[in-house]
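K.L.:
Chain residues, written in single-letter form:
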Amino acid sequence: MRWQKSDVDKYVSAKEYIDTLIIPLIDFQMDQDLENNAFQNEVLTILSNELEKELTGRIMLAPSYYYIKTFDKDQEIVRLNHWVENVKKQPFKHIFLLSFDPAWKKSEQALDASFVWIPKIQSGDIGSKEMQHTIREQVKQIGELIRSYW
Amino acid sequence: MSDKKQQVSRRQFLNYTLTGVGGFMAAGLLVSPLRMAIDPVLKDSASGELVNVGISVDDITDVPTRIDWTVEQVDGWYKSEPSRSAWVYKDGNGDIVALSPICTHLGCVVSWEGSDAHPDHFYCPCHDGLYTKDGVNVPGTPPLAPLPTFEQEIRDGMLFLGNTIDREGA
Ligand code: FES
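Protein chains in written order, with the numbering used here: chain A, 1 to 150; chain B, 1 to 170.
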């Protein structure tokens, strides 16, 4: 399910079946590496959307959580945990945070959700066959990981 | 004196015009669903066309295989190329069967023999939905209807698929 009215209607009427929430964590920063930052944003968004498509009947894809990469992580964790705390009330049994940024990994213990680090995809043509293949492969693996929690 | 009376202030003027525009927009919103219901010519027909899904009939075996293709679609705000998928195989008579992979329960993607515990079935990982090879839902699992089939055609030995066709539940 996506965060849009038609899907949320479905969610409300089938809540007992949808017990998993996914929040993509995307760093946004305008530094010398603009292109790469935009590219990674694009890739993670596509990846999350594809994942949602595969498992739409059991997961809800939350709006992405954007943050400045160099900002103090401890403060981000406090804010992010507020999101988690809030959505848990629905209830959602499993909450996954998806990110390319390994910096979160260090603070994993402080997060109230399962952190899934995804290896970065090297820059390239987002529409190309290879890229589609790579993304599909990653979606498959993350899907398997999520299913192992069910 | 009378000159002052006639004058419309800048603010008033903007207000008038905005109400005017808003009114038109509201009218548009009211009219369009009606028009769509009445006038079949306005209905979107592009989605109904059969598309070459890139597999030749000779390459289709009796084992369901997943194929993916894209169609061009304009809906609402976006022009997009959504991907479509199907499970295709040849049945006992050699006829091609193309099934939608979308679980009729809540829409997850099913896969052929997706669970080791259920060989010879389509399996939905979300709530353990099961379908037999012909796409019919197994009673006692969450889905209440079979997997939809596709409008299909064979042209020059290639498989063409169109819209999905819903089927009645088992
Ligand atoms: S979505 Fe397939 S069993 Fe629920």
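To be clear, the hints were calculated from the coordinates, so they are not data collected in a lab. Note that beta-carbon positions come from the ideal geometry of N, C-alpha and C, so glycine has one too. A hint or two may mislead.
So the derived label-pair ranges between C-beta atoms look like this [unchecked claim]:
#	chain 1	residue 1	chain 2	residue 2	range
1	B	96	A	102	45 to 51 angstroms
2	B	51	A	141	28 to 34 angstroms
3	B	51	A	74	33 to 39 angstroms
4	A	126	B	91	46 to 52 angstroms
5	B	151	A	117	26 to 32 angstroms
6	B	52	A	127	18 to 24 angstroms
7	A	122	B	51	46 to 52 angstroms
8	A	49	B	69	17 to 23 angstroms
9	A	124	B	50	30 to 36 angstroms
Examples of chain A residues toward chain B, derived with CB under 10 angstroms [said to hold, decoys possible]:
#	residue
10	10
11	30
12	50
13	53
14	54
15	56
16	57
17	58
18	59
19	91
20	119
21	121
22	136
23	147
24	150
K.L.:
Compare the structure with each hint and give your call.
P.N.:
Each hint tested on the structure:
1. B:96 - A:102: 45 to 51 angstroms: Once the Cβ atoms are compared, 47 angstroms apart, the range 45 to 51 angstroms for residue 102 of chain A and residue 96 of chain B holds.
2. B:51 - A:141: 28 to 34 angstroms: For residue 141 of chain A against residue 51 of chain B, whose Cβ atoms are near 29 angstroms apart, the range 28 to 34 angstroms holds.
3. B:51 - A:74: 33 to 39 angstroms: violated, 52 angstroms
4. A:126 - B:91: 46 to 52 angstroms: At roughly 39 angstroms between Cβ atoms, residue 91 of chain B and residue 126 of chain A fall outside 46 to 52 angstroms, so the hint is violated.
5. B:151 - A:117: 26 to 32 angstroms: violated, 43 angstroms
6. B:52 - A:127: 18 to 24 angstroms: Cβ of residue 52 of chain B to Cβ of residue 127 of chain A: about 20 angstroms, so the range 18 to 24 angstroms holds.
7. A:122 - B:51: 46 to 52 angstroms: Since residue 122 of chain A and residue 51 of chain B have Cβ atoms about 32 angstroms apart, the given range 46 to 52 angstroms is violated.
8. A:49 - B:69: 17 to 23 angstroms: Check passed, 18 angstroms falls within 17 to 23 angstroms.
9. A:124 - B:50: 30 to 36 angstroms: holds, 33 angstroms
10. 10: holds, 7 angstroms
11. 30: At 27 angstroms from the nearest chain B Cβ, residue 30 of chain A fails the 10 angstroms test, so the hint is violated.
12. 50: Given a least distance of 9 angstroms, the restraint on residue 50 of chain A holds.
13. 53: holds, 7 angstroms
14. 54: holds, 5 angstroms
15. 56: OK, holds: residue 56 of chain A within 10 angstroms of chain B, min 5 angstroms.
16. 57: holds, 3 angstroms
17. 58: holds, 4 angstroms
18. 59: holds, 8 angstroms
19. 91: violated, 17 angstroms
20. 119: This hint is violated: residue 119 of chain A lies away from chain B, its Cβ roughly 23 angstroms from the closest one there, beyond 10 angstroms.
21. 121: violated, 18 angstroms
22. 136: Holds, about 9 angstroms.
23. 147: Because about 5 angstroms separates residue 147 of chain A from the closest Cβ in chain B, which is inside the 10 angstroms limit, the hint holds.
24. 150: holds, 8 angstroms
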